[in-house]
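Number of protein chains: 2
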Amino acid sequence: MSSNEPPLGNALIGQSGGPTCVINQSLVGVIETCVGSDRVKNVYGALHGIQGVLEDNLIDLGRESKETLEAVAKTPCAALRSVRMKPTREQCEEALRAFQKNDIRYFFYVGGNDSAETAHILNEVAVAQNYDVRLFHVPKTIDNDLRVTDHCPGYGSAAKFVASAFMGDNQDNRSLNGIKIDVVMGRHAGWLTAASLLAREHEDDGPHLIYVPERAFDLDRFIGDVEDMHSKHGRCLVAVSEGIHGPNGELIVPSKEVDSHGNAQLSGSGALGDFLAAEIKTRLGSKLRVRADTFGYLQRSFAGYYSEVDAQEAREVGRRAARAATTGEVQHGSVYIARHDDAGKYRASFELTELKNVAKETRDMEEGFLRGDNDIDPSFLDYVRPLVGDLCSAARLSDFPR
Amino acid sequence: MSSNEPPLGNALIGQSGGPTCVINQSLVGVIETCVGSDRVKNVYGALHGIQGVLEDNLIDLGRESKETLEAVAKTPCAALRSVRMKPTREQCEEALRAFQKNDIRYFFYVGGNDSAETAHILNEVAVAQNYDVRLFHVPKTIDNDLRVTDHCPGYGSAAKFVASAFMGDNQDNRSLNGIKIDVVMGRHAGWLTAASLLAREHEDDGPHLIYVPERAFDLDRFIGDVEDMHSKHGRCLVAVSEGIHGPNGELIVPSKEVDSHGNAQLSGSGALGDFLAAEIKTRLGSKLRVRADTFGYLQRSFAGYYSEVDAQEAREVGRRAARAATTGEVQHGSVYIARHDDAGKYRASFELTELKNVAKETRDMEEGFLRGDNDIDPSFLDYVRPLVGDLCSAARLSDFPR
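Note that the protein sequences, when read in sequence, are chains A and B.
So for the first sequence, my numbering puts the first residue at 953; every next one is plus one.
So for the second sequence, my numbering puts the first residue at 953; every next one is plus one.
Certain hints may be false.
Copies of the same chain look alike in the list, so a pair counts if it fits in one copy or across any two.
Below, in silico cross-link-like pairs of lysine-lysine (DSSO-like), each with a Cα-Cα straight-line distance of 27 Å or less [to be verified]:
1. Lys993 x Lys1018
2. Lys1312 x Lys1239
3. Lys1312 x Lys1038
4. Lys1239 x Lys1184
5. Lys1053 x Lys993
6. Lys1233 x Lys1038
7. Lys1308 x Lys1184
8. Lys1053 x Lys1038
Read the hints as simulated data drawn from the structure, not as lab findings.
Same shape as in the complex, but just chain A:
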């Protein structure tokens, strides 16, 4: 990455893909840094991401009060509204013409790997046409599956939600015994599902089984696992990633709907959980109390419950991108988070990488974090705990004999 004099002009921000609880922290981080830069004349927002660019649907973010911005930062889901759209090269050329028309010299795209890919193509188009616009990807995803970065803004808050949900549901399952399946978001990777491990405080606590997409899912083995755990504990709480699939990538419950990124619909339906619950009843006995919950959109949007660390980092990632752009540190890129150990204390730093390094592909969990094909290794707790921050603790009675 070479650097050169940053141009004078307007900045534009867009948000894309599924929301997170802290995605607006990044938005506000970009806005406040751009507003404070002498290279930026106006700070605009594109409504519904790249679609807003193509439709010239822009708003003026520079006029927002500090109070509004701080309140928006604490509000979940894309304040600029989002979009699921993978623009073609022709559309990217059209977007570039919109940039030129509006004197856009800085473009920040808050999103996942598909958004990084969009920024990457936009950059190629801009370079080809010799138009100086600084293109930056600002990472976010509850799935935590972006490459290069240690973890993704949005993940810590979603992981905190999942951990708290399992902590409560473990108490529920212990209180009224039965077999309970909870389906957690995560199309390609098990990072979010793995966060359920935070709920396991006592030896017999659930989740007793954890299934992630990194391991091929086998229904017969699953039923056997559930039967074993139910025999052992008199109950069984299971964490299942929505993205689990067979050895050839085939989904357990085929989806009828595919989005413009070619992704099959997984969330927004209870189908997988209900299917697994029905299979357990059919095979292990219809008198068993078997229930399934699919956590759904709450994981990415629940208002008022988030990780403080995650919120701070999401803000800083936005600031870092805007600073890198407006100081000319690099001409394009994506921000990533590096993890440091300061005498046993977690610390993050915010670094830059090329757009192509983050675009397209996703990142699975590391092998060392997996334990067999139905559990997560305790070493994962060291990874996830600092990102989630303070969690309540589930207390038990001592059950003193009378």
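Once you have looked at the hints, place chain B on chain A.
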């Protein structure tokens, strides 16, 4: 209700039915008050409610440290473990023999209307056999459908969860437009579903439609309502109670499973939401983005997120029951919460009523809280706000034109 000298003997506590996030506050309220009473020799707990009484599965609660009790109070779901069991009169006679054997003179049953009914039958059996045991029902239910009381311990926390979930999901739906159905707990009454109204801050905020069991559900009308709202707002967020049914009480998606109380399984499955989503697609167009989430057990068990007012009241309800019992104020009864208006400020007082007044039947929402057949009246907000306490606010950008 007459009063007489409270006997000297042991106290026993049980928890029954579906959990709440503050059910252990009531448990600890009873324990601490009993421990402090000179009429109580030992404080025991029955594991899994009346089942623990019948199986002589008792623990000693008097030996728990104050630290443990305070930690347990903050932990969701029955720390004594729960049960769904409606004992027969014969089983109640057996339970009374267990009381006599263990010198139980005070029995506190934390639960809903079925638990009040159990306490009521136990009381009849005790009176018939001339055994002096003071039987008390300590109310709890997220459904808020007990009679006599202004509201039920457990409801405020569940309502806070539902409100926060809808607040976030409204942002999600505004961010990525579509039709979204969220299914909320509540078998007989719409109290919890109605709490979704708290998420409606701006005129165009969802939930745009709210369906409760108090109104007969008509699928054709529902589809028409969704179509209208979708045309108006370009999106539609719908709150649906799991207990909605047709004019003759028939469920929309028949359940295969029935519990020992004769209740059909509603929760722990995404069937209703998925059915409604599929109907919308079939009738309004398969290209529509339609999603459904079923909030499930999180509403009653999510750890670390509750209403402070609810937690305090749940504690006080337990204390009040134990105080009434051990001072001989009444010989049996249930505690209810009365609402007072202290110069515009909400205040609760804790009163006593006969067991039979709370047993068996449930309480629907008042007509005045319903608005047509698909919405809740804003007057409901005055009812529910003090019970939920502080909620975060969902902020928007001003969308200043460029």
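Results for each hint:
1. Taking the closest pair of Cα atoms, Lys993 and Lys1018 come within 27 Å of each other only inside a single copy of the chain (18 Å); across copies the shortest separation is 61 Å, beyond that limit.
2. For the homomeric pair Lys1312 and Lys1239, the shortest alpha-carbon distance between copies (26 Å) is at most 27 Å, but the shortest distance inside one copy (46 Å) is not.
3. When the C-alpha separation of Lys1312 and Lys1038 is checked against a cutoff of 27 Å, the pair qualifies only within one copy, where the shortest distance is 11 Å, while the shortest distance between copies is 57 Å.
4. Only within a single protomer do Lys1239 and Lys1184 lie at most 27 Å apart by alpha-carbon distance; the minimum there is 18 Å, versus 47 Å between protomers.
5. Proximity of Lys1053 and Lys993 under a CA criterion of 27 Å is satisfied intra-copy only: 15 Å inside one chain copy versus 84 Å between copies.
6. Taking identical chains as interchangeable, the C-alpha atoms of Lys1233 and Lys1038 lie at most 27 Å apart only when they sit on different chains, with a minimum of 24 Å there against 41 Å within one chain.
7. In the homo-oligomer, the alpha carbons of Lys1308 and Lys1184 never lie at most 27 Å apart, since the shortest distance is 49 Å inside one protomer and 41 Å across protomers.
8. In the homo-oligomer, the alpha carbons of Lys1053 and Lys1038 lie at most 27 Å apart inside one protomer (22 Å), although the nearest pairing across protomers, at 73 Å, exceeds that limit.
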